[in-house]
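Hey, can you work out the whole structure from these sequences and the hints?
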Amino acid sequence: MKKSLCCLLAILLLAGCAPKEPVTDATAAQIGGAVIDAQPEEFWATLHSLFADQDPEGLSAYLSTAYGLPREAWVDGLAVYSEGMAAGEVAVIRLADGWNKDEAVQALWDYIDGRLIDFTGYAPEEAALVEDALVLEQGRWLLLAICPDPEAAESAFRSFFETAGQTVRNPGGGGHDKVEMTLYDTGPVVDAYRSGDTSALSELDQAVLNACVQAMDEVLTADMPPAEQELAIHDWMIDHAAYDETEALPHNQHPYGLLVEGQAICIGYANTFQLFMDLLDIPCITVVSDTHAWNQVQLDGEWYGVDVTWDDPMGSYEDVPAAGEKAHHIYFNVTSDFLRENRHEWNADGVPEATGTRYAWRPS
Numbered sequence: 025m026k027k028s029l030c031c032l033l034a035i036l037l038l039a040g041c042a043p044k045e046p047v048t049d050a051t052a053a054q055i056g057g058a059v060i061d062a063q064p065e066e067f068w069a070t071l072h073s074l075f076a077d078q079d080p081e082g083l084s085a086y087l088s089t090a091y092g093l094p095r096e097a098w099v100d101g102l103a104v105y106s107e108g109m110a111a112g113e114v115a116v117i118r119l120a121d122g123w124n125k126d127e128a129v130q131a132l133w134d135y136i137d138g139r140l141i142d143f144t145g146y147a148p149e150e151a152a153l154v155e156d157a158l159v160l161e162q163g164r165w166l167l168l169a170i171c172p173d174p175e176a177a178e179s180a181f182r183s184f185f186e187t188a189g190q191t192v193r194n195p196g197g198g199g200h201d202k203v204e205m206t207l208y209d210t211g212p213v214v215d216a217y218r219s220g221d222t223s224a225l226s227e228l229d230q231a232v233l234n235a236c237v238q239a240m241d242e243v244l245t246a247d248m249p250p251a252e253q254e255l256a257i258h259d260w261m262i263d264h265a266a267y268d269e270t271e272a273l274p275h276n277q278h279p280y281g282l283l284v285e286g287q288a289i290c291i292g293y294a295n296t297f298q299l300f301m302d303l304l305d306i307p308c309i310t311v312v313s314d315t316h317a318w319n320q321v322q323l324d325g326e327w328y329g330v331d332v333t334w335d336d337p338m339g340s341y342e343d344v345p346a347a348g349e350k351a352h353h354i355y356f357n358v359t360s361d362f363l364r365e366n367r368h369e370w371n372a373d374g375v376p377e378a379t380g381t382r383y384a385w386r387p388s
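Its first residue numbered 25, the sequence shown is counted upward by one per residue in the working numbering.
Derived by calculation from the structure, the hints in this document are not laboratory data. Each residue gets a CB set at the ideal place from its N, CA and C atoms; glycine is no exception. Each hint should be verified, as a subset may be incorrect.
Just the calculated beta-carbon pair ranges, DEER-fashion [claimed, not checked]:
#1 S88 - L244: 42 to 50 Å
#2 E96 - T222: 28 to 36 Å
#3 D209 - E149: 31 to 39 Å
#4 P250 - E149: 30 to 38 Å
#5 A246 - Q54: 48 to 56 Å
Below, the structure written as structure tokens:
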């Protein structure tokens, strides 16, 4: 029977493990400068630059022509690009309030698709650069990066953002309520699934198993490799459930809350993801800190970090897209270093270091 490796005893934590809207006081020029500085010198030495504060008309013309973003779509921006038969490009854009972020993100990916066509068959090294392109979101900020080191670009971009200083919600409204965060024992459900004998299951666990089987039948196929199964379950959970913003529902830590009632807090997301991985025989652990919980999976011998909770933003985020879109894979199969850089803290004893990165999205 598999057990979550970290913190097998219940842990007390402050309520509020959902991500808050990212904010920054930096300008597009500062963020873009850091992203470019994180790249090899031979990359940025030949780039042409347009800044909102230096050449707003030139930047406006470029963003409109290249990305299809009119002047009213943004309030700050930077575009740095190579000319001729070179694909290198970095753009940092702060969208105007009210502008549809999904459409802006799609416009950037459409641009990348076009650049890939430009270089495929003519400049294979540049085409490979475009294939690894990134489009990232932090609140109303967007990053487009076609560069030699996408991970360094991502790290530099995200380093400018911190969560908004909002009070943690709790049902009593009087300070920070403490709740007990308990790991779920997946063993009985997994044993019943494999044996076909459900007679020993509680009514709650029977409902959990039924919901898991229905979900797996819906999104998995017999020929799916483990990595595709993991992605399908991750996306199904995001489409199926919502974060319990009251943090008061009785089953919000139990897979029953997410699977049957459709709401959970972070430990509920992590417990449910752990259960699915155990049912699929994909090595997985649950990592619990003082204030949050997430998972790590092992694929082809390498560990990856997965935070389904933070990939499922709450309704306070504007224009929340469906699970199958790019915005919901920021914390999917990432490294431990990336999680540390993004407000995840934990006791590393007994927790393997996640060193692998498998992005769920590339230009189609």
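Outcome of the hint check:
Evaluation of the 42 to 50 Å hint for S88 and L244 yields a pass: the beta carbon distance comes to about 43 Å. The beta-carbon spacing between E96 and T222, approximately 58 Å, falls outside the hinted interval of 28 to 36 Å. Hint check: D209 to E149, Cβ distance near 51 Å, so the stated range 31 to 39 Å is violated. About 32 Å separates the C-beta atoms of P250 and E149, a value consistent with the hinted range of 30 to 38 Å.
For the pair A246 and Q54, the supplied restraint of 48 to 56 Å holds, since their beta-carbon distance comes to about 50 Å.
Going through the hint list in order, the structure does not satisfy hints 2, 3.
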